[in-house]
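**Q** Spelled out from the first residue to the last, the chains are:
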Amino acid sequence: MALAGAANVVAINFYYLAIADRGISIAMPITFTFPLFAVILARVFMQKLERVTFRVGLGAALVVAGMAVITVA
Amino acid sequence: MEGIIFAVAAAFLWGLDAVLIRKGAESVEIIFGTLVYQLTGVALIVPLVVAFGLGGYLQAGFKPILMFLITGFSGVFLGRVLYNTSIREIGASRATPIAGAAPMLSVVFAIFFASEPFQLKVAVGVAMIFSGVYLISSSRINLA
Numbered sequence: 004m005a006l007a008g009a010a011n012v013v014a015i016n017f018y019y020l021a022i023a024d025r026g027i028s029i030a031m032p033i034t035f036t037f038p039l040f041a042v043i044l045a046r047v048f049m050q051k052l053e054r055v056t057f058r059v060g061l062g063a064a065l066v067v068a069g070m071a072v073i074t075v076a
Numbered sequence: 002m003e004g005i006i007f008a009v010a011a012a013f014l015w016g017l018d019a020v021l022i023r024k025g026a027e028s029v030e031i032i033f034g035t036l037v038y039q040l041t042g043v044a045l046i047v048p049l050v051v052a053f054g055l056g057g058y059l060q061a062g063f064k065p066i067l068m069f070l071i072t073g074f075s076g077v078f079l080g081r082v083l084y085n086t087s088i089r090e091i092g093a094s095r096a097t098p099i100a101g102a103a104p105m106l107s108v109v110f111a112i113f114f115a116s117e118p119f120q121l122k123v124a125v126g127v128a129m130i131f132s133g134v135y136l137i138s139s140s141r142i143n144l145a
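Chains A and B supply the protein sequences, listed in that same order.
Here this note's numbering is used: the first residue of the first sequence is 4, the next is one more, and so on.
Here this note's numbering is used: the first residue of the second sequence is 2, the next is one more, and so on.
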């Protein structure tokens with residue numbers, strides 16, 4: 004849990020740096036791909052804990068794509 | 002280019018964050034895990050705030066600090082406990098896309114309560130998000 008907390012703090016700071024460098028319209032769609040990373044990492048490292056199905060992966064991709072469409076609009 | 006690298010790194014770390022929570026939640030209660038999670042964040046943030054100068058922030062007055070106190074309760078405490086619990090209950094691969102769709106609510110609220118104009122592109126994006134959330138939440142939970 005401590006590692007998760009550390010990852011979150013570093014991620015927040017990277018997010019703010021990305022916004023400062025590229026602006027929200029670029030930084031936000033990219034950072035909100037994090038569900039895809041979670042799905043991939045869960046598939047690779049947690050096969051015994053949870054089963055990632057094609058349906059879940061497709062759903063995550065749709066959510067991320069929808070966020071990108073909204074942000075660009 | 003640096004900004005894009007930072008954005009990708011943030012996305013990867015938030016994805017990793019969810020996986021680590023899932024693993025940690027196997028052995029500890031969510032409330033205790035959230036405490037460890039938040040204390041780690043504070044331990045990392047406080048030195049940075051001190052290094053960059055605390056005095057400037059205190060001069061901002063009580064009202065801005067009150068806003069952050071409210072956000073701290075609703076987002077950092079309540080939101081985090083609920084998010085961590087959802088990861089334990091339905092898994093990181095299902096919880097993160099649903100939680101990641103949260104900014105979509107800002108769009109919906111803006112249209113209905115802030116009189117922002119309705120845009121077809123936004124409606125398409127919202128429909129895609131709803132479809133994705135439906136796919137995820139309607140699939141069977143396969144947890145060990």
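Simulated from the structure, these hints should not be mistaken for lab results.
Since this is a predicted model, take the numbers as computed values, not measurements.
Honestly, I wouldn't trust all of these hints.
Unchecked claim - Some chain B residues near chain A, calculated using beta-carbon distances under 8 Å:
id, residue
1, M68
2, R95
3, G101
Where a beta carbon is used, it is the ideal one built from N, C-alpha and C, also for glycine.
**Q** Against this structure, judge whether each hint is valid.
**A** Going down the list of hints, with the structure as the test:
For B/M68, the interface hint is violated, since its Cβ never comes within 8 Å of a Cβ in chain A; the closest pair sits about 17 Å apart. Evaluation of the B/R95 hint against chain A yields a held restraint, the C-beta minimum of about 6 Å falling below 8 Å. Contact between B/G101 and chain A, as hinted, is supported at the beta carbon level, the nearest pair being about 4 Å apart and thus within 8 Å.
Comparing the model with each earlier hint shows a violation of hint 1 alone; every other hint is respected.
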